[in-house]
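Participant: Go by the hints and put chain W onto chain D.
Number of protein chains: 2
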Amino acid sequence: MTRHIDFYFDFTSPYAYLAAARIDTLAARHGREVRWHPVLLAALSEATGNKLAPFIPSKWNYVQKDLARAARRLELPFQLPPAFPQLWLNPPRAMLWIQQHHGDDVARAFARSCFKSAFGHGINIGSIDVVADLAARVGVDADGLREGVNSPAIKEGLKTGIEAALANGVFGVPYVVVDGEAFWGGDRLDCVEEALRAGAALAA
Amino acid sequence: MTRHIDFYFDFTSPYAYLAAARIDTLAARHGREVRWHPVLLAALSEATGNKLAPFIPSKWNYVQKDLARAARRLELPFQLPPAFPQLWLNPPRAMLWIQQHHGDDVARAFARSCFKSAFGHGINIGSIDVVADLAARVGVDADGLREGVNSPAIKEGLKTGIEAALANGVFGVPYVVVDGEAFWGGDRLDCVEEALRAGAALAA
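So the protein lines, in turn, are chains D and W.
For what it's worth, this note's numbering labels the leading residue of the first sequence as 1, then goes sequentially.
For what it's worth, this note's numbering labels the leading residue of the second sequence as 1, then goes sequentially.
Hint data in this document are derived by calculation from the structure and do not stem from the laboratory.
Some hints could be false.
It does not matter which identical chain is meant; a pair holds if it fits inside one copy or across any two.
Unchecked claim - Here are the simulated DSBU-like cross-link-like pairs (lysine-lysine), alpha carbons at most 35 Å apart as the crow flies:
#1 K51 to K159
#2 K116 to K65
#3 K51 to K155
#4 K51 to K65
#5 K116 to K51
#6 K65 to K159
#7 K116 to K155
Next comes chain D alone, as it looks inside the complex (with noise of 0.2 Å):
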């Protein structure tokens, strides 16, 4: 049995783009598979009392150049999209929906799909439309997806997700856990990695 790892995640948020790029091979190259859970940072947000980086001027100035400076050393495409950030209710409810319909492996494909045009291309993500069309270039029937992200089920499924998560102790993302031991920040892969071959030797 594939023991799983889990990976809480934000579309709108540019260090989890840097996470969602690599996770999945991380993890396959110790035989794991990743449960990837979208939550909204905004919620968390509202959780902790903190404001977001975006909403520091100080902070959002920095961090502008730290991603910039992750994304050339992980070789990956980065620019932010127009009008940043937004509140993106769409792709995590997609997500949600292409899960039970179609299953884990092409709700991550959109996933990933989702992550690399709002980070990699710098492309707003948020209407329905884009991400049906996202949506669509995985397989996803995307007639039954615009249907379906309405949908009160939905709607609660993802308010669940998020309960869940805070209620794990998840206060900001990317967070990742692994046999019990959470990592929060992109930058924290490297540790993960240790922790999937310390795993793999207790399980060898």
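Facilitator: Chain W only, in chain D's frame:
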């Protein structure tokens, strides 16, 4: 002429402890000297409007584990002082006084000793008795220091230093500036080293 790098820190920051233990050696490897700038996280937190980690239960729960893990990776001892955090005004004021009366080398030795006591041995370094004792051990005139830390000039010096840090965009610590490029976080020293390497290559 030695080109400097700038290191902003607060004696109450465990992540600054992890950086403080390495930064002078790291800089020296590249022919640089470190200018240590004590600030107060409480003042930075007031400026950004965000609470510090110990005041957000889920984050603090994580950060304590992350600190223990990071210290283990760096092979540094780590423990938190009792009743942490507290506002420690004497250590930064003492450091400014020591800089003025004994020079930068002694001040840096004092600062490293403070950090080691606080987070290597878990000692509350807030009181003037502890501070004077640590200072005496690196050759400081402890009686002069006891007088000096409460002088208006030293109090004002710390305040001015914090204002300058804020004006330079410092929003958290540890915060390192190398040739105009900023690095925030104890986990960015690898990037600092890369920047120093690149700077040396440019200067060659």
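Participant: Taking the hints in turn, state whether each one holds.
Facilitator: Hints and how they fare:
1. K51 to K159: Both. Shortest intra-copy (20 Å) and inter-copy (25 Å) distances satisfy the 35 Å Cα cut-off.
2. K116 to K65: both (19 Å within a copy, 32 Å between copies)
3. K51 to K155: both (24 Å within a copy, 30 Å between copies)
4. K51 to K65: both (19 Å within a copy, 23 Å between copies)
5. K116 to K51: both (25 Å within a copy, 32 Å between copies)
6. K65 to K159: both (32 Å within a copy, 28 Å between copies)
7. K116 to K155: Within one copy only: 24 Å inside a chain, 50 Å across chains, cut-off 35 Å.
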